[in-house]
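*Asks:* As a plain string of letters, each chain reads:
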Amino acid sequence: EVQLVESGGGLVQPGGSLRLSCAASGFAFSNYWMHWVRQAPGKGLMWVSRVNSDGSVTTYADSVKGRFTISRDNAKNTLYLQMQSLRVEETAVYYCARSTTTIFGVVFDYWGQGILVTVSS
Amino acid sequence: DIQMTQSPSSLSASVGARVTITCRASQPIARYLSWYQHKPGKAPNLLIYAASSLHSGVPSRFSGSGSGTDFTLTISSLQPEDFATYYCQETYSTPQTFGQGTKVEIK
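Going down the list, the protein sequences come from chains A and B. Heads up, the first sequence is in my numbering, so the first residue is 1 and it goes up one at a time. Heads up, the second sequence is in my numbering, so the first residue is 1001 and it goes up one at a time.
For the record, the hints were derived by calculation from the structure and aren't laboratory data. Note that the structure is predicted; figures quoted are calculated from it, not measured. Cβ atoms here follow ideal geometry from the backbone N, Cα and C, with glycine treated the same way. Take these hints with a grain of salt, some might be off.
[Stated by the list, open to error] Ranges between beta-carbon positions, derived for each pair:
1) A:Q84 with B:P1040: 28 to 34 Å
2) A:Q84 with B:S1063: 41 to 47 Å
3) B:K1103 with A:R19: 45 to 51 Å
4) B:I1106 with A:T69: 40 to 46 Å
5) B:A1013 with A:T58: 27 to 33 Å
6) B:R1018 with A:Q84: 30 to 36 Å
7) B:G1016 with A:D54: 24 to 30 Å
8) B:P1059 with A:G66: 28 to 34 Å
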C-alpha cells in the first residue's frame, strides 16, 4: 500500500524557518517525481514545488522561489521541504504528493494527509 | 499562468441526484485536465485524468468530459461518501494551477 506521511510542521514566527519531511513507503520511491502542494485556511490547493526522481531537477512556484528548497533522500525514501523567511500568508496545510505521467500531463496519484504549518507571532 | 475557474463554488444536492461541476481554463489546454476529490482532514484523491479517464478504483458514477477550455465533472448518482470539495487542475503547464474548488453539500 502506498503511504506518504508528512511531519515537521508546527508554529513558527514570521521570518522563521521550518523543514518538512515526507516519508514514503509501499512503492519504488526513487522512480517517481514528488511534489509539495499547500492549502491555506479556507482556500484552495496551490502547487508549491517538485523534484525529479533523482533529485537533480527542482521547480518552484514564483511565490516561494529563493526561499523554499525541495530535496529528497532516495536511500531513506524521504522527501523534504526546507522553508525559510516564512510569511504569515504561508500558514497552510502542506501535502506531499507522488506524480505519474499520463498521455496528457503529470497527475498526482497519491497524497499524504498533510501537515499544518502556522506562521504567526 | 493559466487560470482555472470552477462553477458553482458550492452546491447542495440530495443523495441520488445527478451533479455537474464545470471548469474553464483561461487558455486552451486540450485534454490536460484532472479532477480531485478532497474531504476535510484527508488526503486528496485523484478521480479523473486526461479530462475523461477514470483513475483506478474510482467508481463509475464519476465521469469527466471536455477539451480546449471547457470541462465538466459529473456524478451520476450522488452517494453519501461523495460529499466533499472537488478541484480541477490543468496539467498543461507549470505551475499546474488548480481551480478554486466546488463544495458539494448535503441537501
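*Asks:* Hints first: check each against the structure and report whether it holds.
*Replies:* A quick look at each hint next to the structure:
1. Checking the proposed 28 to 34 Å range against A:Q84 and B:P1040 shows it holds: the Cβ atoms sit about 29 Å from each other.
2. Distance hint check for A:Q84 and B:S1063: the Cβ-Cβ separation is about 43 Å, which falls inside the suggested range of 41 to 47 Å.
3. Taking the beta carbon of each, B:K1103 and A:R19 are about 32 Å apart, not inside 45 to 51 Å as hinted.
4. Distance hint check: the CB atoms of B:I1106 and A:T69 are about 42 Å apart, consistent with the given range 40 to 46 Å.
5. Between B:A1013 and A:T58 the beta carbon distance is about 42 Å. The supplied range of 27 to 33 Å is therefore violated.
6. Against the hinted window of 30 to 36 Å, the Cβ-Cβ separation of B:R1018 and A:Q84 comes to about 48 Å, which falls outside the hint.
7. The hinted range of 24 to 30 Å is not satisfied by B:G1016 and A:D54, whose Cβ atoms lie roughly 49 Å apart.
8. At about 43 Å, the CB distance of B:P1059 to A:G66 disagrees with the hint of 28 to 34 Å.
Hints 3, 5, 6, 7, 8, counting from the list given before, are not met by this structure.
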